[in-house]
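Engineer: Spelled out from the first residue to the last, the chains are:
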Amino acid sequence: AQSVSQHNHHVILSEAASLELGCNYSYGGTVNLFWYVQYPGQHLQLLLKYFSGDPLVKGIKGFEAEFIKSKFSFNLRKPSVQWSDTAEYFCAVMLGYSSASKIIFGSGTRLSIRP
Amino acid sequence: KAGVTQTPRYLIKTRGQQVTLSCSPISGHRSVSWYQQTPGQGLQFLFEYFSETQRNKGNFPGRFSGRQFSNSRSEMNVSTLELGDSALYLCASSLVWTNTEAFFGQGTRLTVV
Numbered sequence: 001a002q003s004v005s006q007h008n009h010h011v012i013l014s015e016a017a018s019l020e021l022g023c024n025y026s027y028g029g030t031v032n033l034f035w036y037v038q039y040p041g042q043h044l045q046l047l048l049k050y051f052s053g054d055p056l057v058k059g060i061k062g063f064e065a066e067f068i069k070s071k072f073s074f075n076l077r078k079p080s081v082q083w084s085d086t087a088e089y090f091c092a093v094m095l096g097y098s099s100a101s102k103i104i105f106g107s108g109t110r111l112s113i114r115p
Numbered sequence: 001k002a003g004v005t006q007t008p009r010y011l012i013k014t015r016g017q018q019v020t021l022s023c024s025p026i027s028g029h030r031s032v033s034w035y036q037q038t039p040g041q042g043l044q045f046l047f048e049y050f051s052e053t054q055r056n057k058g059n060f061p062g063r064f065s066g067r068q069f070s071n072s073r074s075e076m077n078v079s080t081l082e083l084g085d086s087a088l089y090l091c092a093s094s095l096v097w098t099n100t101e102a103f104f105g106q107g108t109r110l111t112v113v
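From first to last, the protein sequence lines stand for chains E and Z.
The numbers in this note's numbering rise by one with no breaks, and the one at position 83 of the first sequence is 83.
The numbers in this note's numbering rise by one with no breaks, and the one at position 37 of the second sequence is 37.
Just chain Z, with the same shape it has in the complex (with noise of 0.2 angstroms):
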């Protein structure tokens, strides 16, 4: 079974631009949420998807979207790039969206220059 997969892995963008990522679920799983990993900040929750429809969202600024398809694969959206948003975004799936395991890609590195 294929594990999440995310798309690209590496990203170098300038400030001001915006960029969107891509994440595959595992096969059969409904639930897809979008964390930002900082070495300042940690691991911190960004938003979450299940039935295409968003279900939580973290504390992160409006220009943080994204948006779910029919098939469970979501994108995420940063519009006007900032320095501050280099991080490694991970994706997580889960089969339901509630009391079950996440299971997390392998990320997309994010650079802003």
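Excised from the complex, chain E in its bound form (with noise of 0.2 angstroms):
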């Protein structure tokens, strides 16, 4: 069965550290990537997405991510967190060509930034 996988549950940095969280996914077929953010208390929101093209992705709030095909991979990474990045992020596979709906979405990495 396909899958997604966030290999960090929780990640704890200061702020205008790094950040990668990382997400592979199970499918061999075509995909579409997806990170999606959670603010506390607040809807999901797409932050970047994958559908083709250029494997680098620019999204929402400078906020990156890479399609590394050959390795099942579309981790996000941002150079510098700021405190407001505190959130659940979300990894999610939509197959290729198939409903909209049929997004499969990893477990969430919490995300806290210290001051």
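Check the hints yourself; a few may be wrong.
Straight line, CA to CA, 25 angstroms or less: simulated BS3-like cross-link-like pairs of lysine-lysine [unchecked claim]:
#	chain 1	residue 1	chain 2	residue 2
1	E	LYS49	Z	LYS57
2	E	LYS49	E	LYS71
3	E	LYS102	Z	LYS57
4	E	LYS102	E	LYS58
The set of hints was computed from the structure by calculation and includes no laboratory data.
Take the two lone chains and join them into the complex the hints point to.
Structural biologist: Written out as structure tokens, the structure is:
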């Protein structure tokens, strides 16, 4: 069965530190990839998405992610985090050409930023 | 443009009761999907509707059902509530039903006591 793995359940960083959150998926076909963020008490928001083209995608708030097909990975990065980045981050995979609803989510990574 | 609207935001129900949750998608979006979010299981897909037809269904018991109306608004129903149904129920809408991103509502927090 297809699955999405997020390696870190809880990451604690100081402000200005660099961030990399890992995401791996298991599916051999075409995929569309997403990172969503859920700030405390708020709804899921799309950070960035990959459908095709340049495997390095830039999202909102200075986040970027790189799709490495050979590694089945889509890691999220930010060069310098801020206290306001404290949130839960979800990697998600949509199986290619499938319904928009067939999105498989990772278990999430809680990011805590020390001011 | 208004986002995805879910009502109510919070709900407390007793075991054995039933509940109906509502979702209004972004204007023009025709696909609505539902997810259950719990601390233990994360985000799990419930079902998806497009043009009033259920297109996909997740691995949930028959107590969970839904429907979509001609204006794309959707409802989900849970009958014979169990304690384990306590969760945040999220609705997401998409422009079409394939190969597009989903936009999420704020969710309905259901507590079963």
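Engineer: All the hints need checking, so say for each whether the structure fits it.
Structural biologist: We went through each hint and held it up to the structure:
Distance hint between E/LYS49 and Z/LYS57 is fulfilled; the C-alpha atoms sit about 24 angstroms from each other, no more than 25 angstroms. Between the alpha carbons of E/LYS49 and E/LYS71 the distance comes to roughly 18 angstroms, so the proposed pair stays at or under 25 angstroms and holds. Pair hint E/LYS102 plus Z/LYS57 holds up; C-alpha atoms about 9 angstroms apart against a cutoff of 25 angstroms. The straight-line distance between the Cα atoms of E/LYS102 and E/LYS58 is roughly 23 angstroms, inside the 25 angstroms bound, and the hint therefore holds.
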